[in-house]
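Given these sequences and hints, build the entire structure.
All the letters of the sequence shown, read from the start, carry residue numbers 1 to 126 under our numbering.
Calculated directly from the structure, the hints in this document are not laboratory data. Think of the CB as a built atom: it goes at the ideal place given N, C-alpha and C, for glycine as much as any other residue. Treat the hints loosely; a few may be bogus.
DEER-style ranges, computed between Cβ atoms [unchecked claim]:
id, residue 1, residue 2, range
1, F19, T84, 57 to 63 Å
2, V23, G72, 30 to 36 Å
3, P108, H70, 19 to 25 Å
4, G73, L30, 23 to 29 Å
5, E114, G77, 16 to 22 Å
6, V37, G60, 24 to 30 Å
7, G77, C36, 19 to 25 Å
8, E114, G73, 19 to 25 Å
Here are the simulated SDA-like cross-link-like pairs (lysine to any residue), alpha carbons at most 20 Å apart as the crow flies [what the hints assert, rightly or not]:
id, residue 1, residue 2
9, K94, E120
10, K96, A78
11, K94, R69
12, K96, G47
13, K96, L71
14, K96, V39
15, K119, M88
16, K96, W34
17, K119, A58
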Amino acid sequence: MPAYGRATRDDRGQVAIEFLGMVPLILITLAVLWQCVLVGYTFTLAGNAADEAARAGAVGGDCQEAGRRHLGGAWSGAEVACPTSGDMVQATVKLKVPVLIPGVVSFPFPVTGEAGAVKEDEGARP
1 MPAYGRATRD DRGQVAIEFL GMVPLILITL AVLWQCVLVG YTFTLAGNAA
51 DEAARAGAVG GDCQEAGRRH LGGAWSGAEV ACPTSGDMVQ ATVKLKVPVL
101 IPGVVSFPFP VTGEAGAVKE DEGARP
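Structure (structure tokens):
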């Protein structure tokens, strides 16, 4: 009987030790998932800003200001270009992807969103 009681004492604390060993893996996994969310969100922001910029340019508004207006403060360093060719307004928005915390450090490569819209004729509006 003493051997049985002794065996149960040897297992005490095992769960705590295993949990402490898994904490770094859990934190790294959460950081990688959060970075994936930031990359996806940056692509979404770039596309939306390009759409808004193209719409503003199509009706004669300030294309670059419209593209920047729809971005958060962490993505304020956006490059917005609005070249026109014929009856088309094309908008290109370049954003840098933040590293874990938006507004602090960014990756060196940009994410690009592009959109286009046909210029609206001033006389066609009601």
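Quick rundown of the hints versus the structure:
In this structure the supplied range 57 to 63 Å holds for F19 paired with T84, their Cβ-Cβ distance being about 60 Å. Distance hint check: the CB atoms of V23 and G72 are about 31 Å apart, consistent with the given range 30 to 36 Å. Taken as a hint, the range 19 to 25 Å holds for the pair P108 and H70, whose Cβ atoms sit roughly 24 Å apart. At about 24 Å, the beta-carbon gap between G73 and L30 stays in the expected band of 23 to 29 Å.
Between E114 and G77 the C-beta distance comes to about 18 Å, which sits within the given range of 16 to 22 Å. Distance hint for V37 and G60: a CB-CB separation of about 37 Å, inconsistent with the stated range 24 to 30 Å. The hint said 19 to 25 Å for the Cβ distance between G77 and C36, and at roughly 22 Å that hint holds. Distance hint for E114 and G73: a CB-CB separation of about 23 Å, consistent with the stated range 19 to 25 Å.
At roughly 25 Å between alpha-carbon atoms, K94 and E120 are farther apart than 20 Å, so this suggested pair is violated. Taking the CA atoms of K96 and A78, the gap is near 8 Å; set against the 20 Å cutoff, the hint holds. The suggested pairing of K94 with R69 holds, with an alpha-carbon distance near 14 Å, which does not exceed 20 Å. The straight-line distance between the Cα atoms of K96 and G47 is roughly 13 Å, inside the 20 Å bound, and the hint therefore holds.
Between K96 and L71 the alpha-carbon distance is near 12 Å, which keeps this suggested pair within the 20 Å criterion. Distance restraint check for K96 and V39: the Cα-Cα separation of roughly 9 Å lies within the 20 Å cut-off, and the hinted pair is therefore satisfied. With a CA separation close to 6 Å, the supplied pair K119 and M88 stays within the 20 Å bound. Between K96 and W34 the alpha-carbon distance is near 16 Å, which keeps this suggested pair within the 20 Å criterion.
Pair hint K119 plus A58 holds up; C-alpha atoms about 4 Å apart against a cutoff of 20 Å.
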